[in-house]
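Trainee: Chains as they are written, first to last, in my numbering: chain R, 27 to 185; chain Z, 27 to 185; chain S, 27 to 185.
Keep in mind that the hints were calculated from the coordinates and are not lab data. Note that CB positions come from ideal geometry on N, CA and C, so glycine has one too. Watch out, some of these pointers could steer you wrong.
Stated by the list, open to error - Some chain R residues near chain Z, calculated using beta-carbon distances under 10 Å: (1) GLU78; (2) SER82; (3) VAL117.
Each chain, written out:
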Amino acid sequence: RSGKMAKSTQLIDNEVFRAYATYAAIVLLKMMLMSLITAYYRVTRKAFVNPEDTASFGKGDSAKKYLRIDPDVERVRRGHLNDLENIVPFVGIGLLYALSGPEVSTALLHFRIFTGARILHTFAYLIPLPQPGRGLSWAVGYAVTVSMAYNVLKKVFLL
Amino acid sequence: RSGKMAKSTQLIDNEVFRAYATYAAIVLLKMMLMSLITAYYRVTRKAFVNPEDTASFGKGDSAKKYLRIDPDVERVRRGHLNDLENIVPFVGIGLLYALSGPEVSTALLHFRIFTGARILHTFAYLIPLPQPGRGLSWAVGYAVTVSMAYNVLKKVFLL
Amino acid sequence: RSGKMAKSTQLIDNEVFRAYATYAAIVLLKMMLMSLITAYYRVTRKAFVNPEDTASFGKGDSAKKYLRIDPDVERVRRGHLNDLENIVPFVGIGLLYALSGPEVSTALLHFRIFTGARILHTFAYLIPLPQPGRGLSWAVGYAVTVSMAYNVLKKVFLL
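Just chain R, with the same shape it has in the complex (with noise of 0.2 Å):
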């Protein structure tokens, strides 16, 4: 057992994996944090979707009321969706990334240029900044991500 352990030690200890490890945690929360948002926003929007959710505002119409749609609780919600479309890519083709053995500072600069892209384009969607903010923000990741891709590609290839 203590073998395997080293071994699995081993590879959490390599550079370049403890800094995707790091980045694509960071990440994954942020993209988290959205369904705290959104029930943030339901909660004092009063707009549900469930009609269970709305059981302790009574019953009948009292309550049937607050299933209705708020802008600012679709927004939080496109916003989330965005990032399950964008960051579970990265997370996906970083880790092939990652394991490809790539230089530790090119490593790093995908890694910290995504993680900034996608957390000011999540500024850019809540507050909201006017375009191309939000357009920019969502390129420069998906830019990155590619970049990884083509590296990995460079480096596996294997149909």
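Based on these hints, arrange chains Z and S on the given structure of chain R.
Mentor: Chains Z and S only, in chain R's frame:
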């Protein structure tokens, strides 16, 4: 080649990694089950979203009336999206956690509670159970993932 | 450091893992392509969802009319969500499967059929092809992922 195979076998023989692989496969299969439940409700409620899916009901208005929104279908779809928002971070952060060398018993506790909470969450959403059933099962799964992320960051932190 | 690099290189040199990395990168890039197709349809159909995205069309009603739902945009978005629901489980379960030491030929068969099925699924959704084109391509990808999960659980099962 045999040396490489042996190496890959070693990671999968690590007890924490085996537990991770088991629970990750189970919750991903549970998430995939939502597709089948959606399909079941779409067919039994005759509620479709793509015109080509109603072609077997005839042409024109006789088919168009099945292009409609059904509350049961929408409920399953919300449960599916909630799975994506919560199971994906568990799978990503859980992998990093499993590779960070935790105690087997602590890791099993995290994986078991998360898996149980998400199965409860699905029942709470689909039956549906009165609140706070769904809310609590969601919060438990969320807290487990945050706890794993905290343990990962404590061990690997490298910005 | 060089020992760690060598280790990480060894995993990426494993033939099954190289095949996994190639196909996982391809299907994730394919999923990311849906964002570009959505953007293309939003711009050409002039159908946006965020008020700040229509600011370049002027103020007031002249811009508001472009905040609308377009069937082509919605179709791409459904295809994108379907990718998330199916490609994410493939990437997660596929990683565990690649690490569980399968035969190279069996693994390649799984990865190739899944990737082909999802590319077909995208064409079937966007053209759109008459059913059961989209349904069958979806089912084939689903079955491949279930088969990989079965093989993983058979090898690692530890509850």
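Trainee: Determine for every hint whether it applies to the structure shown.
Mentor: How the hints compare with the structure:
no., hint, result
1, GLU78, "holds, 5 Å"
2, SER82, "holds, 7 Å"
3, VAL117, "holds, 5 Å"
In summary, this structure violates none of the numbered hints.
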